[in-house]
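Asker: Build out the structure end to end from the sequences listed, making use of the hints.
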Amino acid sequence: GDKVKQSPSALSLQEGTNSALRCNFSIAATTVQWFLQNPRGSLINLFYLVPGTKENGRLKSAFDSKESYSTLHIRDAQLEDSGTYFCAADPGYQNFYFGKGTSLTVIP
Amino acid sequence: EAAVTQSPRNKVTVTGGNVTLSCRQTNSHNYMYWYRQDTGHGLRLIHYSYGAGNLQIGDVPDGYKATRTTQEDFFLLLELASPSQTSLYFCASSDGSYAEQFFGPGTRLTVL
Chain A
1 GDKVKQSPSA
11 LSLQEGTNSA
21 LRCNFSIAAT
31 TVQWFLQNPR
41 GSLINLFYLV
51 PGTKENGRLK
61 SAFDSKESYS
71 TLHIRDAQLE
81 DSGTYFCAAD
91 PGYQNFYFGK
101 GTSLTVIP
Chain B
1001 EAAVTQSPRN
1011 KVTVTGGNVT
1021 LSCRQTNSHN
1031 YMYWYRQDTG
1041 HGLRLIHYSY
1051 GAGNLQIGDV
1061 PDGYKATRTT
1071 QEDFFLLLEL
1081 ASPSQTSLYF
1091 CASSDGSYAE
1101 QFFGPGTRLT
1111 VL
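Taken in order, these protein sequences are the chains called A and B.
Read in the working numbering, the first sequence has 35 at position 35, and its numbers run on one by one without any break.
In the working numbering, each number is its position in the second sequence, counted from 1, plus 1000.
Simulated from the structure, these hints should not be mistaken for lab results.
Since this is a predicted model, take the numbers as computed values, not measurements.
Just so it is clear, CB atoms sit at the ideal spot from N, CA and C, and this is done for glycine as well.
Errors might be hidden in some of the hints.
Far from chain A, some chain B residues (derived; all Cβ distances over 10 Å) [unchecked claim]:
1) Thr1020
2) Gly1040
3) Arg1044
4) Lys1065
5) Glu1079
Cut-off 27 Å, straight-line C-alpha distance, at most; resulting in silico cross-link-like pairs (DSS-like, lysine-lysine) [said to hold, decoys possible]:
6) Lys3(A) x Lys1011(B)
7) Lys66(A) x Lys100(A)
8) Lys54(A) x Lys5(A)
9) Lys1065(B) x Lys1011(B)
10) Lys3(A) x Lys54(A)
11) Lys5(A) x Lys1011(B)
12) Lys3(A) x Lys100(A)
13) Lys1065(B) x Lys100(A)
14) Lys66(A) x Lys5(A)
Answerer: Written as structure tokens, this is what we have:
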């Protein structure tokens, strides 16, 4: 089965609203990364996390290694936030496992 | 910011063809990775390396070889390309264990 499960698989948001994306892990993740794949296909680094939380502007992410999940919160969604969000978990031996992504569309 | 470049950016070949994808990173990172991205699968690890001359097998290595010639350069080789290898290929690098990965722009490969 999938080692990293992302939810939801797709999401539409009205501009200015908030949402949360989630990753659940069936492996013992030591670190987590979140990426945004933009419409051109480029992977943009958002967060790199050990257990704990980080915040960057309108984005906030948390990683709980004991409960095996991570979240990405988007506040005041903007049109440029549209794209596909991926999380990736490292069980500690540099073999990253990716989720299948959450496709986000921000609507004006 | 890590700089990872890939070439070519697009490649079309025929079944049975020989293809080499190139990746270079200029930040002296130890680890380099090759992934493929397919609809419905996310990114899947093909091969990775933690230094020149080193090669480790990832999750989907069948049909692929890789070679790490220098700390900067990592190559992915498809010696007998098949249509199932049509995909978007990403290279990435990181500074070692418990370190952030940085991705190149991707190479879109089509095998006819």
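Asker: Tell me the numbers of any earlier hints that the structure contravenes, in ascending order.
Answerer: Of the numbered hints given earlier, those the structure breaks are 2, 3, 6 and 11, listed in rising order.
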